[in-house]
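Please model the complete structure; the sequences and the hints are all you need to start from.
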Amino acid sequence: QKEVEQNSGPLSVPEGAIASLNCTYSDRGSQSFFWYRQYSGKSPELIMFIYSNGDKEDGRFTAQLNKASQYVSLLIRDSQPSDSATYLCAVKLEGTYKYIFGTGTRLKVLA
Amino acid sequence: EAGVVQSPRYKIIEKKQPVAFWCNPISGHNTLYWYLQNLGQGPELLIRYENEEAVDDSQLPKDRFSAERLKGVDSTLKIQPAELGDSAVYLCASSLDFSVPAPYTYEQYFGPGTRLTVT
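Chains S and R supply the protein sequences, listed in that same order. Quick note on my numbering: the first sequence kicks off at 1 and runs consecutively. Quick note on my numbering: the second sequence kicks off at 1 and runs consecutively.
Hints in this document: simulated from the structure, not taken from any laboratory. If you're wondering where the values come from, they're calculated on a predicted model, not measured in any experiment. We put the beta carbon where it would ideally sit given N, CA and C, even for glycine. It cannot be assumed that every hint is accurate.
In silico negatives: residues of chain R with every beta carbon more than 12 angstroms from chain S [claimed, not checked]:
id, residue
1, G28
2, T31
3, G40
Here are the simulated DSSO-like cross-link-like pairs (lysine-lysine), alpha carbons at most 30 angstroms apart as the crow flies [what the hints assert, rightly or not]:
id, chain 1, residue 1, chain 2, residue 2
4, S, K2, S, K98
5, S, K67, S, K98
6, S, K2, R, K62
7, R, K78, S, K2
8, S, K108, S, K42
9, S, K42, R, K71
10, R, K62, S, K56
11, R, K11, R, K78
12, S, K67, R, K16
13, S, K2, R, K16
14, R, K62, R, K15
15, S, K56, S, K67
16, R, K62, R, K11
17, S, K42, S, K2
18, S, K2, S, K56
19, S, K108, S, K67
20, S, K42, R, K78
21, S, K98, S, K56
22, R, K78, R, K15
23, S, K108, S, K56
24, R, K62, R, K16
25, R, K71, S, K108
26, R, K71, R, K11
27, S, K108, S, K2
28, S, K42, S, K98
29, R, K62, S, K108
30, S, K108, R, K16
31, S, K98, R, K11
32, R, K62, R, K78
33, S, K42, S, K56
34, R, K62, S, K98
35, S, K67, S, K2
36, R, K16, R, K78
Put into structure tokens, the structure is as follows:
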């Protein structure tokens, strides 16, 4: 059973701080990783994807991938109350077009 | 460009009744997914289409669920008869055809979902 694990939270950070969200996965061959943001009552919204080891930056968001450790993270700089949501990590299984989602980490940014 | 469209947004039915959900993917996206999401959980794949072919339906409860994607564009997911445990959000997502040459993009984009309540 391929798994994607996330801490369910809630992760509480003060406004302006860096929020760090973590995800581990079991399929060692996976090459494609995604972060989705999901507001309460809304559908998941793709915010970042990463395919290569290292960091990928997009505005206030940075995705970090370490395939050796089977670990992917999302950093949100200068966190805003509007960033309060559940963040889902998704992994595309190697050799398939199947995506496995974690259960999500709930982030609360305190004003 | 329009995103993934789903309807209805909300549906309340009594158990044992049939229900159908409709999805129109992003234009040009040949791959379409139906997911189920329970509260506090991530989306779980029900079925994936490449054009009109269902290429992964291993998680679809075939005794009561069915899906179709005629002409490789719109798709319909049906439940008959519905059970109390089917109450959830049904999400449709789409992505580019994986046979498209590099640069590959494997990103999925979700529709707004249909929240089903079975009473």
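Hint-by-hint comparison with the structure:
1. G28: 16 angstroms, holds
2. T31: 7 angstroms, violated
3. G40: 7 angstroms, violated
4. S:K2 to S:K98: Holds. K2 of chain S to K98 of chain S sits at ~11 angstroms (cutoff 30 angstroms).
5. S:K67 to S:K98: The hint holds at about 18 angstroms.
6. S:K2 to R:K62: 23 angstroms, holds
7. R:K78 to S:K2: 28 angstroms, holds
8. S:K108 to S:K42: 16 angstroms, holds
9. S:K42 to R:K71: 29 angstroms, holds
10. R:K62 to S:K56: 41 angstroms, violated
11. R:K11 to R:K78: 13 angstroms, holds
12. S:K67 to R:K16: Violated: K67 of chain S and K16 of chain R sit about 47 angstroms apart, past 30 angstroms.
13. S:K2 to R:K16: Answer violated: K2 of chain S to K16 of chain R is near 33 angstroms, above 30 angstroms.
14. R:K62 to R:K15: It holds: about 17 angstroms lies between the C-alpha atoms, which stays within 30 angstroms.
15. S:K56 to S:K67: 14 angstroms, holds
16. R:K62 to R:K11: 21 angstroms, holds
17. S:K42 to S:K2: Between K42 of chain S and K2 of chain S the Cα gap is close to 26 angstroms, so the pair holds against 30 angstroms.
18. S:K2 to S:K56: At roughly 25 angstroms apart (the allowed maximum being 30 angstroms), K56 of chain S and K2 of chain S satisfy the hint.
19. S:K108 to S:K67: Satisfied, since the Cα-Cα distance of roughly 28 angstroms is no more than 30 angstroms.
20. S:K42 to R:K78: 22 angstroms, holds
21. S:K98 to S:K56: 23 angstroms, holds
22. R:K78 to R:K15: Holds, at roughly 14 angstroms.
23. S:K108 to S:K56: 23 angstroms, holds
24. R:K62 to R:K16: 16 angstroms, holds
25. R:K71 to S:K108: 44 angstroms, violated
26. R:K71 to R:K11: 26 angstroms, holds
27. S:K108 to S:K2: 29 angstroms, holds
28. S:K42 to S:K98: 22 angstroms, holds
29. R:K62 to S:K108: 39 angstroms, violated
30. S:K108 to R:K16: 39 angstroms, violated
31. S:K98 to R:K11: 28 angstroms, holds
32. R:K62 to R:K78: 10 angstroms, holds
33. S:K42 to S:K56: 26 angstroms, holds
34. R:K62 to S:K98: Status holds; Cα separation ~19 angstroms.
35. S:K67 to S:K2: With a Cα-Cα distance of about 15 angstroms, the restraint between K67 of chain S and K2 of chain S holds, given a limit of 30 angstroms.
36. R:K16 to R:K78: Holds, because 13 angstroms separates the two Cα atoms, which is no more than 30 angstroms.
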